[in-house]
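**Q** Please model the entire structure based on the sequences and the hints provided.
Protein chains in written order, with the working numbering: chain V, 1 to 228; chain P, 1 to 95.
Source of the hints: derived by calculation from the structure; they are not laboratory data.
From a predicted model like this one, the values you see are computed outputs, not experimental measurements.
By construction, the Cβ of each residue, glycine as well, lies at the ideal position given by its N, Cα and C atoms.
Honestly, I wouldn't trust all of these hints.
Claimed, not checked - Estimated spans, in silico, between C-beta atoms of each pair:
no., chain 1, residue 1, chain 2, residue 2, range
1, P, Thr57, V, Ala156, 25 to 35 Å
2, V, Asp37, P, Thr57, 28 to 38 Å
3, P, Thr57, V, Glu185, 35 to 45 Å
As the list claims (entries may be wrong) - To give a feel for the contact side, a few chain V residues facing chain P, derived at Cβ under 7 Å:
no., residue
4, Arg59
5, Ala107
6, Leu109
7, Val149
8, Arg153
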Amino acid sequence: MTVSIGVVLFPGTNCELDVVYAVEQLGAHAEMLWHGDDTSKGVDAIVVPGGFAHGDYLRTGAIARFSPVMRAVAAHAEAGGPVVGICNGFQVLCEAHLLPGALQKNAGLRFVCETVELRVETTASVLTNLARAGDVLRIPINHFEGNYVCDERTLAALHADDRVVFRYVRNPNGSLDDIAGVCNERRNVVGLMPHPERASDTLLGSADGIVLLNSLLTAAADRATIAV
Amino acid sequence: MLSAAAPLGSIVGVPTFHAHIEVAHLPGIADPAGATVERALPALGYTNVSQVHIGKTIRLDVEAPDAEAALQQVKEMCERLLANPVIEAYEVTIS
Numbered sequence: 001m002t003v004s005i006g007v008v009l010f011p012g013t014n015c016e017l018d019v020v021y022a023v024e025q026l027g028a029h030a031e032m033l034w035h036g037d038d039t040s041k042g043v044d045a046i047v048v049p050g051g052f053a054h055g056d057y058l059r060t061g062a063i064a065r066f067s068p069v070m071r072a073v074a075a076h077a078e079a080g081g082p083v084v085g086i087c088n089g090f091q092v093l094c095e096a097h098l099l100p101g102a103l104q105k106n107a108g109l110r111f112v113c114e115t116v117e118l119r120v121e122t123t124a125s126v127l128t129n130l131a132r133a134g135d136v137l138r139i140p141i142n143h144f145e146g147n148y149v150c151d152e153r154t155l156a157a158l159h160a161d162d163r164v165v166f167r168y169v170r171n172p173n174g175s176l177d178d179i180a181g182v183c184n185e186r187r188n189v190v191g192l193m194p195h196p197e198r199a200s201d202t203l204l205g206s207a208d209g210i211v212l213l214n215s216l217l218t219a220a221a222d223r224a225t226i227a228v
Numbered sequence: 001m002l003s004a005a006a007p008l009g010s011i012v013g014v015p016t017f018h019a020h021i022e023v024a025h026l027p028g029i030a031d032p033a034g035a036t037v038e039r040a041l042p043a044l045g046y047t048n049v050s051q052v053h054i055g056k057t058i059r060l061d062v063e064a065p066d067a068e069a070a071l072q073q074v075k076e077m078c079e080r081l082l083a084n085p086v087i088e089a090y091e092v093t094i095s
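**A** Right, here's the structure in full:
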């Protein structure tokens, strides 16, 4: 059966079509989820894509967190469904407290736009179940506020539970402990600053994002099987 | 005569308070903007500057029965939206 991936669209989101293209290339069905509708339309997994939701006013993700669709996203996560936040989507999931910590301005106030090396730190997540721990992937980043921060207690918990999903090989933004992506305690919600959908074809310079997207599709398929 | 634009509160005599909110990084949380400015100031000859911190100021008016009620409500706004308690501290002054 074809798995369905919901792609959340806020005013100001701008990476939604890249995600739709990438997951459809891999055989999934993509369903747009408008921010004003409190429904996940029965999809198997949800991606909160990158951009500038609600103009990033006040703080990145601060306003988006209160969009009606976020109730559906939280309910999907609560039920164990896979949820992935990419870039601005990661910021939104942190503001919504679906993931720990926060993302603030890059060290040196530098906007970064480049392809970086990203190390997979754990395969126990909905975005890395087909990868291997230690794999180094070439994935683009494109952000001003990707500097991950959290308090010491949270960082200790992330380490103890093996919840740092990705680290930068060379830290581009000042992130605490080189963190590029984390997951929640149940490992069904993952957020990362790099854009795997932009590394989904060799024509784009790298196809290293495919293993991550296929991991998500696998988790979504497991979810679909359970739901049936 | 009451103006049509007057908020409901002023019709029934609920006073308006001015809230001044300072949002800053929590101690121990890096402040990249402050650190960058601290590095830039010496280039202008100000070599005697340290401890630069950059936050934000939010001002708003709120109708409430008294100053204490206004303070409590604005603090709640800070917890829920105006600040991110994960990385930011806030200070509310009501006048």
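**Q** Going back to the hint list, which numbers does this structure go against?
**A** Those not satisfied come down to hint 8.
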